[in-house]
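Undergrad: Next come the chains, spelled out residue by residue.
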Amino acid sequence: MELAAFGECLTNSSCLIFQTVGGLKIGMLLFLVASGLTLIFGVLGVINFAHGSFYMLGAYFAYTTLAVTDSFTLAVIAGALGAGVVGILFERGFISRVYQSNVLVQLLVCYAFILILDDLVILIWGEEFLSSLGAPEVFRVPPLFVAGAVVPPFHLFLIGASIAVALGLWLIMARTRFGKIVRAAAQNPQMVSALGINTTLIYAGVFALGSLLAGLGGALAASERSISSGMGFSIVIESFIVTVIGGMGSIAGAFVAAILIGLARSFGAIGFPLFTDGLMFMVMCLVLILRPQGLFGRAES
Amino acid sequence: MRRSGPIRDMIFGLGVFVLLALLYVLVDDAFVHDIIIKTCIFSIFALSLNLLIGYLGLVAFGHAAFFAAGAYVFGLFMQSEYVGPDSAWAIPFGVLLAMVGSAVLAAAIGAICIRAKAIYFSFLTLAFQMILYSAILAAVPITGGDQGLMGGFPKPVFLGIDLAEASHMYMFCAALAIIAALIMRQVVESPFGYVLRMLRDNPDRAAFLGLKVKLYQWITFVLAGTLASLAGVLQSLLDIGAFPEWAFWAKSAEPLFMILLGGMQTFLGPVLGAFIFEVLNAVVTAHTRYYGLVLGAVILFFALGLRRGLGDYIWQLVSDRREASGRADA
Amino acid sequence: MLRLENVAKAFGGVIATDDVSLAFAPGSLSAIIGPNGAGKTTIFNLISGKLRPDSGRILFDGENIAGLDETEIVRRGIGRAFQVASIFPSLTVEESLMAAVQSHRRQTLRMAERFRHSNARQRAGEIIDMTGLGAVARDLSANLSHGDQKLLDIALALALEPRLLLLDEPTAGMGPEERWQMIERVRALWQAEHMTLVFIEHDMDIVFEIAQSIRVLCYGAVLAEGTAEEIRANPDVIEAYLGAPAEDAEVAP
Amino acid sequence: MNRRQFVAGAAAVGTAITGFPAIANAQASGPIKLGIPTILSGRVAQLGISSTNAVQMVVDAFNANGGLDGRPVDLLIRDTKAKPDEAARVTRDFVNSDQVDVVFNCEASSASFAVQEVVREAGTLCLHNVSETSSLSADPAIRSPNSFRFARQGIHDAVGSARYAAGIAKEKGLKKWMSVSPDYAYGRDNTDLFFKLLNQFGGDDIEVVGNGWPKLFQPDYTEVITQILQRRPDAVYSALWGGDLVSFIDQANLYGMFGSIEFFTINLADYTTMSALRDLPEGLHSGTRYISSFPDIEANRSFDTAYVERFDDHPTNWSWECKVGIEFLLAAMTEAGTADGAQVADALRGMTRPSIIGVGPDNSVTMRGDDQTLINYAVGWGTTVAEEPFVTNIQAADWADIVEHETAWKQELGYI
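Residue numbers (this note's numbering), protein chains in the order written: chain A, 1 to 301; chain B, 302 to 631; chain C, 632 to 884; chain D, 885 to 1300.
Read the hints as simulated data drawn from the structure, not as lab findings.
Even glycine gets a Cβ: it sits at the ideal position worked out from N, Cα and C.
Heads up, a few of these hints could be off.
What the hints assert, rightly or not - Examples of chain A residues toward chain D, derived with CB under 8 Å: (1) 70; (2) 130; (3) 134; (4) 137; (5) 230.
My request is simple: use the sequences and hints to build the entire structure.
TA: Right under this line is the structure:
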């Protein structure tokens, strides 16, 4: 514990800006991944343990696309879409067969998929880790200096892009027919099915959207994180923490929880650098014990 | 008059022990012996988890916490100043200490976890396991952190049993696994065990029969955790140490695999699963480094193809056949 | 024997039970009727401890049991069966009843003996004979017919030798003939076991035929109380039922 | 009677009792078997692959020359998935089932301790080739008489690093220091030792103003980077490695961190790491893990060339460690004229041979007899440049200095 340093940081504007922007960036990238996870759980009721693998695939697809086209934009789009397509295949080919099974079987199918994808990635891209994509040309500029703090413009872009995605997701859910059906399906699948709506299509669509978000998160994160097989491991655990804290199925909850986790990481690194991980699991425990539906989840009836 | 259940089970257990002993003598292959030892260890681990999953219907994700707790308590005790090469009482006492310690841990964690329902229970067990994992990594002066308990420990001879001797270790693991299995078999076939099935099927109804649901869940959680720690102790004896990886969540996935592979409806299903898992691991690892690919495919085959564990599948076949012949006779 | 005093329960502003006061005499056979959503099942849930009343008292043998949990209440002698048969699909009929008997005898914490060798088997056999489940005693509960599942549900409650038995629509989902068989069996059990029995029922013919006294619930409140003749003649009841005929003509799920 | 003889004797008794031959049937003919437990899958698969590649090259040449009196060397390479219990199982399997002559350990950190316990009990000759944990060979409670260390020893590097850093610190006036190292035994030991020695060599001017401990394999280092920029140290020391180091440098680059802070990173100068960086910043200080220009000798350059030719990739630090290990082993077997563990071990103790990485007399390295640890390998630091040879101005550490401080360190810890 370094509480003195922690207090000092809270009263120091440069430190506040430093850690807030950094924490927001970590949090928003995490949100992209976690929102997909929580969406899939909310609608399909499936804990997609393999979600981190789509994050990884997004990164690898983006890497290859960048190598071929030299366009960062195309790379990110390819990463997201590629993960989305694999998501549909995974849902149709595997997950849809175990909707009726117990959670254990669903979990093991997901775990099998993790094992297979981690090895496939090695077969295709090799066992060496790959470099990050690097920020696109426009952002390779000297950082901004704000009140004594250093802020890379690229981080502002990442935060902005993620917030835009969050807004878009909210619009889709609140305003479109698809969003209404999805919300209805989350609450009462029989009803939606009875209304003659093709739930198969809805489920596949939701899974694709969820995977796409993970892929997008992976592709954007790959701009500054090295890429390797197994990189989905840590992100999926963090996404679970976010999902649980925010309320399983709640996108708004995931948004708030992701920011909380991001800030906890950045400020925790100053206040209690050695126990940030353990702390996160403790918060998860507390939420599960005191408010299992999470901060924003609906209480079970 | 048929022989009563417990006696029949004990005779069966004794028979298995004799068979395993014969196997040791007849098949002179350390590779095979090692697979049997690990199957024994993981049978205890998987059977104990199946008490929760198969009989009680609680999907616990954090079972490795107790495996690791057993291994660390035992390992730390054996490395402590109280134990020397001639402390004949050390190993039996260490086993007991590890199991009691893990029981206390399971009692505390269980009391909290069973308050949560369904998937929240699973997440909570996972979270506690990860807290333990973080704690093991952080407590470097005691646990050695990420390097585990280094430097080994003595294995003092007790009751003529020298666990440094391969054959003794083999028989010891086999005997303990069989005893643990017999205990668990007795539990699931007892009135208590039928309550577990009722809680799995319909906990609300069970409450209206006057059964305190949480009490039975808690007792089973503690029992399962205690037995899992025995598996951890044996693993610690085998590897002469203890490692933080054993408290990581991926370790909890291993007995889940075994239960899936072997089946959760048949009592011995997880044992079969443990055996398949160990053979698969040993054989595949020896031939390819794409172990994940193979294991993943096997899991998908069981989860999507057979849709049940091998033990359940065989049991289904046998009982179908029996039923068919019964009908033919009639 | 059982007395509800000013019991109220609301779910997030929706009033399910509104200041209900009811009394049931020892050894009586009573029915609770009322249109859908009248709060009949809620009353059972409150009595049996599934729900906790917001206010009011529930006196059983003079003791206030409001707020106790379901296991405590069962132990005091109140058993119940459910509208949708609530059973243990993976156990056989005999196993289910043996386990229920063991629970009643408080033998379920025993780990050292064998369930199969339990002396609960004999008592379970008696209950099986009593409820007429003999032909399916060795069948898995999941494989029973709908009617047998309802019977098993009741049999489970009987295993606890309750002094008060609450049956939530014992004939739900049955054909006309089956209904009468069922209700006759229920009446026979009531007579044989000398217990107090309260049941919820939709079929008016059945209610008027067998119930000694009838309570009519509407919108969470007690609308009328009396014998069959009194209820039949009560204008409020006629109003309530004729006012909502569609709800009464309920088709079983 | 030494341990090995004892074990052999016990095995003979075991054979007599059980009626089948146990572990000790020394095969005087047939191939010499080397069991290699290593990591071939997952995110550090590179470790096992680049290690075993180097071993394969040496063994191929040895076998082509007729092996040991006609006995070829057979490599049994098995994946342990970086799990200690798997490493133990694989090693037991090598010892008991395959009856290997030598366990050639290419396992990292904690799994190496698991391997160590198996060979300690079995008495099989063992070479540790990649685990850099100091205690493995230095702590008398952990080291084993049948185990030899060919991997870098943490204290050796620390002396070299601290000497170099103290020099630069004096020259450039670097007073405030921070660190960013992975939060596990290697990262912590390495960093603590570095600062301890830096304080010793650099005088009272050196002040450590903070430590960042990201987790191993952590994907994002933003919070550590902002923390560093926040405290404005003059210099930062890092024991990050591989993909983690690459992520850190990429992310720190966005903040323009390397413009204002001198960065000392012990693990950068390894080809796979440097080539994975999109922009290798100029002027970083790095330890020489493995580069073909240090030591700048023909043997080293041609090894790199041959390796690239065969595997289409540069060798790693792990490659040279394993290369030296296998060369010593084969030389010792040749000298002893047998693959018998005890005799080979005797030949290994104190052996000195020329090596691609040698900085001793005639570019030799030595297997020190008393603690069975390799010395006189290249320890150096230099500054990075964007193009080949990637690192320039390399300053080699002085081994007399290293050994002197190593001894002091051992005394302090009560190892000797």
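Undergrad: Taking the hints in turn, state whether each one holds.
TA: Verification of the hints:
1. For residue 70(A), the shortest C-beta to C-beta distance to chain D is roughly 13 Å, which exceeds 8 Å, and the interface hint is violated.
2. Taking 8 Å as the C-beta contact cut-off toward chain D, the hint placing residue 130(A) at the interface holds, the least distance being around 7 Å.
3. The interface hint given for residue 134(A) holds, since its Cβ lies 4 Å from the closest Cβ of chain D, which is under the 8 Å cut-off.
4. Interface hint status for residue 137(A): violated, as the beta-carbon distance to the closest one in chain D is roughly 12 Å, over 8 Å.
5. Evaluation of the residue 230(A) hint against chain D yields a held restraint, the C-beta minimum of about 4 Å falling below 8 Å.
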